[in-house]
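The numbering of the sequence shown is the working numbering, which starts it at -10 and goes up by one.
Derived by calculation from the structure, the hints in this document are not laboratory data. Values in this document were obtained by computation on a predicted structure and should not be read as measured data. The C-beta atom is built at its ideal place from N, Cα and C for all residues, glycine as well. Be aware that one or more of the hints could be misleading.
Pair ranges (Cβ atoms, derived) [said to hold, decoys possible]: (1) LYS190 - PRO231: 15 to 23 Å; (2) PRO135 - ARG298: 22 to 30 Å; (3) PRO135 - GLN19: 45 to 53 Å; (4) PRO17 - ALA(-7): 44 to 52 Å; (5) ALA170 - ALA123: 12 to 20 Å; (6) THR208 - VAL161: 17 to 25 Å; (7) LYS190 - LEU14: 17 to 25 Å; (8) THR179 - ALA(-7): 23 to 31 Å; (9) PRO17 - VAL103: 16 to 24 Å; (10) ASP260 - GLY82: 44 to 52 Å.
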Amino acid sequence: MSPAAPRVVVLGSLNTDLVVRCAELPAPGQTVAGRSVAEFGGGKGANQAVAAALAGGDVAMVGAVGEDAASGRLVDGLVRRGVDCGAVVRRAGTRGGTAVITVDDRGQNSIVVVPGANGTVGPADVAAAEATIAAADVLLVQLEIPVDAVLAGVAAAKRAGVRVIFDPAPAVAGLPDELFAVDLLCPNETEAAILSGLPVKSPEDAERAADRLRERGATRVAVTLGDAGTLLCDAAGARLIPPFPVIAVDTTAAGDAFAGALAVRWAATDDLDAAVRFANAAGALAASAAGAQDSMATAADIHALMADR
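Generate the whole structure from the sequences, applying the supplied hints.
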């Protein structure tokens, strides 16, 4: 635990989000009329970096962007929000990652991601950033960059005694066991089901899935359950951390807001239950606003919501 602002390093993706709004998400083969389209900075890694910075962290981003103009805007947006991008590579001959996000009137979404430069991130990029990772209190990783890069990041953090939080999104079956041997695994209910092979439809289901994931090596598991809260499972047992109900406008980055805020608060307080409550509030505030990075709340906003409930 650092006396100054917690140092969080995020190894992950940077995307341009093209957000289309419509009344209902289209079914397969269906065409629907869109209401608007807008461009935002996104990518799970970059979103979590912004969330952590706004929540009070000293944050550095490790990843790659392309040579296109949108990539330049992505990096500029992170820097404006206080994220150190010295370890973000501008990859020659590539375009940056792009996500096409459709959001309906209930705030639900569907997402298609083209990785672009994110798909070129590898162990060599992690090695170049190893000093940055070693100086962190927490390393935060996801799955929108190649798995070999994520494994290299986890290994670098372990060598330096740095805590690792793994947000396993987008989740796929068959991940190597080394990825589960982290300090905290924080899937949502869909991801927990994919990774555990068990159905997750209730807090009780989430506890069984979390137990399975701890058997695979995770020291602690926090399963986010939307409006049911977050099921936290560790050596002390399982407990449900209640949610902060809000009117959902756009849930695109709620999970990223949760992860970024969680990393900062856990590093700052060493109290995981309190950190999950803080992260629940951050996720709720993100879901109540439009966009990804633009929906992220400051530490003051998060504390205000917590004080009001």
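Each hint, compared with the structure:
no.: 1; hint: LYS190 - PRO231: 15 to 23 Å; verdict: 19 Å, holds
no.: 2; hint: PRO135 - ARG298: 22 to 30 Å; verdict: 40 Å, violated
no.: 3; hint: PRO135 - GLN19: 45 to 53 Å; verdict: 33 Å, violated
no.: 4; hint: PRO17 - ALA(-7): 44 to 52 Å; verdict: 51 Å, holds
no.: 5; hint: ALA170 - ALA123: 12 to 20 Å; verdict: 19 Å, holds
no.: 6; hint: THR208 - VAL161: 17 to 25 Å; verdict: 22 Å, holds
no.: 7; hint: LYS190 - LEU14: 17 to 25 Å; verdict: 21 Å, holds
no.: 8; hint: THR179 - ALA(-7): 23 to 31 Å; verdict: 37 Å, violated
no.: 9; hint: PRO17 - VAL103: 16 to 24 Å; verdict: 20 Å, holds
no.: 10; hint: ASP260 - GLY82: 44 to 52 Å; verdict: 46 Å, holds
Of the numbered hints stated above, those contradicted by the structure are hints 2, 3 and 8, listed in ascending order.
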